[in-house]
Amino acid sequence: MASRKKTLLKVIILGDSSVGKTSLMNQYVNRKFSNQYKATIGADFLTKELTVDDRTVTMQIWDTAGQERFQSLGVAFYRGADCCVLVFDVTAPNTFKSLDSWRDEFLIQASPREPENFPFVLLGNKVDLEPRAISAKRAQQWCQSKNNIPYFETSAKEGLNVEQAFLAIAKNALAQQNSTVDLYNEFPDQIKLTNTQKTSNNGDSCAC
Amino acid sequence: MSLGKMSQNEKDFKERLITTVKKEVKQVMEESVTRKFVHEESGSVTSLCGAVEACLSQGLRRRALGLFKTSSTTALLHKIAKHSPEAAIISKKVEELENLDPNRRSSSSSDSVTKPTLKKSASVPANPLPKYLWIRLALFEKQLAKIIDFLVSNATKYYDKDALVADAEYGTILSSLLMGPCALDYTRMKNHDHFWTDPPADELVQRHRISSGHSTPPSVRRPILNFRRSLNTSSEDSHTNRSSTQQIAKDYVETLHQNSKATLLFGKNNVLVLPVNSDLSKPIPGYLSLHQMPQGLAIKWTPNQLMNGFVDDSQDKSIFWEYALNVRLDDIVYVHCHQDSETGGTVILVGQDGVQRPPIHFPKGGHMLAFLSCIETGLLPHGRLDPPLWSQRSGKNHTKRRRPLPALTETEETSKDYVFRIIDNTCNHKDILKRNELMDTHASLPTKVRVQLGSTSTSSDSSTKSFSLDQNIPDSPPSVVVQAVCDSMKRQIISRAFYGWLAYCRHLSTVRTHLSGLVNTKIVNGVGASDGITLEKWSELCLNGVVSDYAEVYRLTYFGGITEALRHEIWPYLLGHYKFGSTLEQRNELSDETRQAYENTMSEWLAVEAIVKQRDKENQAHAIAKLSSESMSGEQVPPQIHEELCNEVFEDDSITDNEGDSLEEKETSAKRPKHTKQNTIKYVDDEEDSGGEQQAEEREKQANEENDGKNVQNEGALKNTENDLTTDKEDLEVAKEDSYINVNEELKDFIHNVIVINASVDICSLSNDNPRMTNLDAVTEENNSSLDTCIETHGLASPARSNCVSPASSNGGVYSQELLETFGLNLHRIEKDVQRCDRNYWYFMEKENLDKLRNVMCTYVWEHLDIGYMQGMCDLVAPLLVIFNDESLTYACFCHLMERMVENFPNGNAMDCHFANMRSLIQILDSEMYELMHAHGDYTHFYFCYRWFLLDFKRELMYPDVNATWEVIWAAQQVASSHFVLFLALALLETYRDIILSNGMDFTDIIKFFNEMAERHNVQSVLKLARELVLQLQILIENK
Ligand SMILES: Nc1nc2c(ncn2[C@@H]2O[C@H](COP(=O)(O)OP(=O)(O)O)[C@@H](O)[C@H]2O)c(=O)[nH]1
Ligand SMILES: [Mg+2]
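Chains as they are written, first to last, in UniProt numbering: chain C, 1 to 208; chain L, 1 to 1040.
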């Protein structure tokens, strides 16, 4: 085990203010819930080591301020992310409606290499509360429309599903780091002239 | 398929292969900049290797060469090992690794191994060998470009005629492209294990205490003459005698990405330039890039024709090469910017000779600003833009930008032209640097002299002449060269002393001009003030209730703070609420007025709050209803569907007893109607005049009727669903959705027309001591429910909408939809943050005090709706409230406090100024720290100070310490510096300076460190240090 190399996974948690980002992170890393957490100002992160498929990885979980105005500094924090966790509050419809803009904002600021394949995970938090305003189905529909984002219903308060969710987050982040491995299998060893024409794009790689 | 078409296809394919390599190279290079390391196992490394493999496989003469292993390129590597020393090294390593792996029969680097886990050196691999093994190894060992170079040079032997590698252009491009990634150091990257075993902050502090016992006192350090040495000064020059097309191709590649010689700081395509000496009538698009080279910054612009490249015949291209721009920033003195709303702006560079370079027209989208800020950063640490891009005086007129470009003068609102001067504090250092390079080159690689001198001679500085050795040297024998070097050395020693002195003078002048605004010029003596304002002192200062010696109050506070018992009395003076010299009666009068005004304002927003609350309930109801409708049509198993369908029937109370998955929904939907009925009646009693009761009753009846109707409808739906689940659910959903949309629109209409009739009865009771909260709660409740009724009625298309009279009222006006929305949004934010404000502090454990906080916050936001609530404001109110325990006084003082603080919030400019000032201060006062920050992933953006400045260190300190710090900050304005927070920040950094330096902290380290250190600082020593730093700067400026 000692000889194995550790991998760092950078994960960003985003979502409206008060959906439970800080609580989820603390529940996962420290296994405790407190209603004394302060509203996050700026950004903070916690790290946790875990084993995914026999591999030890370190997750660096970044918690950011939920009010949209902090975002001008976002670039510095989002860069190099391996996975983005979007959180909404199942009892607050507006937090669900903001998901699109959080996702867009992240993609703009972090500008990952393949935005359409960048891993997101959606968490519907506070399932211990009622009344519920967003059904699992509605959340799942949204996820489907975004290239099948994995969805988890969590409660940071009760610790419900939190462990599972973050494990999935780690897996997705890890897959992201390795994803490009298979990209070149499509290159044929021999030239198949018929295949190449339609796929060849005139992409100018320097376009920024 | 015709021959022509076929070759076109092949060309396309090659183009595609090379494009892919380009893309991957760019990715790896970016990763090396944006992350602090490129991990050997990084996906982008694998992708790059894959792309290279694809290129090398194409057109390989497998059969002829007998390359039959699974990976023919690995076989190729082994084959060429005889002739290429680089290949031999890699070949040997590959074999070593494969021999260690018992699972391997043959070298198969491209079969399906999915988890690359390459170990450095020859430790036993725990996992299967990674893909593209040899290419990886060659990359990490920096041999890949050379190996490919070899293949390209000997392509005829190993490749088909039409292979990519055998192609004159593509082959060269391929090997040139890989030079960048080969220059990266994959082994020197930060070790994860080291990072993750980083001890927590307190352990670091502990260790430091034990090891040193005392911390290095911060001092004004003279700027050190440090030059960044170029890394591989001339390793690339061996390629210089290539043919010109190859050279062009190589140059082209170099502008695309950074390599060991140049860092790409900025790149943007489709930037328009009208080249000089061209017959063109219009500017043409091209790729603009900014490069950091050992000699300094360079701006390049390459016409698109060259970028898309290699399609036109060479004659056409050569014209474009003449159009291309290559400007060294050393030669530029002024940067003129013309901004206009139509285009993205124009930049004109003006040289020392006064000659303008062709205008550079940016496309829209903030690229010009990005370009300028890249220049500004690139000039650091020795040069800068004057005025700085982020100046202190930037006006509010640019607030729409994230990081506003300030005007030269705030007053020039109409003009959008700026002129920046490029100031090079140490252009002289650069000459020395160049000479150093020269020396190194002479010592080791005499043949490179010419090349080096060539670049040196382009320096624009006047002092260069004496060192122009290139005229004499080229054809001289080695002994002459050595003589020249000795001469240059002598001069260098003399010039170093001279430049050192000169730099120091310039440094001082920078300090004067740049930083003099940060401290007051008058140095106030702190003698006898270290105890601050004690009860005794105060009784001397406050004679018969009048305090007139304000200077002494400020002085004592600045140097010694205020005793806890007096804070509530003195803070209003410091914040500007009480006037010095006022009498007790005047202040009492002021307090009464303040209270009156506060209560009036409160009554205004409370009325709006009531409406907002109602709307919330509607939305909630709507969402819940939608939820039920969804689940009804959902794909769950039939029994569940049945249950949830029942929930839809609000009025059926018996459902509350049901159990099951959807209990929560049932409960709420079932509860609500009861609630409504009761409250509606109460509401009618309280607020409506005669006739209202009847109306309400009517409404309710209607509601019931409608709901009955709905019951029927739902039952129908239920049957339908049961009968034919699969076919009907789609329709059902659509129908449901429609009706909800209706609801929503009608409600909007309704809200829009809320007419407020007369002042509410409830508001009168506000001026009484405390019943306001309970009273208000009642109002809110009632209002909620009454509107609730309306919704339900409307939801079912009732015609009785107009009967709903607005319950909320204030001064008889109509609230616009916009106002309601804005305030509502703010209200929610406030509530969320009040709930989370310092709940572990005794004062805010009381619900009553949280309500006070909320009231103050809401009142402020109501009065400043344009500013709105922003996260952090609650933190600023809280300490004031704790001290005063009086809403209206807290409110008044908070307003004063916000006059300064509001600029820190995201719509203001102060935060960027703080960051910029921190940069300058650290550079001047602790250049070593600056260098560290710059070197470790460059966090000289100082974002880790964001929370410090936003909240005046409130989150960094415990309550008593916050109080002590805040009063010093307020007093400092009058006594020492109105930017005292900067010096506090510096003091915090300096306090832990040795820990930061010895651990080589990077951005994440420092964030972690200070977040962990929050509320654990020794505030008195930090304050003391901050005052000393102010004094240091004051003395520095005074002495010129
Ligand atoms: N009932 C319940 N409350 C939660 C849960 N998660 C967070 N909260 C509460 O929601 C509020 C906001 O949580 P916080 O983690 O600060 O949200 P953030 O702004 O997204 O970081 C706090 O009062 C938490 O106690 C949850 O799963 N269940
Ligand atoms: Mg938070």
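In case anyone wonders, no lab produced these hints; they're calculated from the structure. We put the CB at the ideal spot given by N, CA and C, even for glycine. Take the hints with a grain of salt, since some may be wrong.
As the list claims (entries may be wrong) - Just a few of them, taken from the derived set where beta-carbon distance is under 8 Å, the chain L residues facing chain C:
hint, residue
1, Y943
2, R947
3, I1007
May I ask which of the numbered hints given earlier this structure violates, with the numbers listed in increasing order?
none
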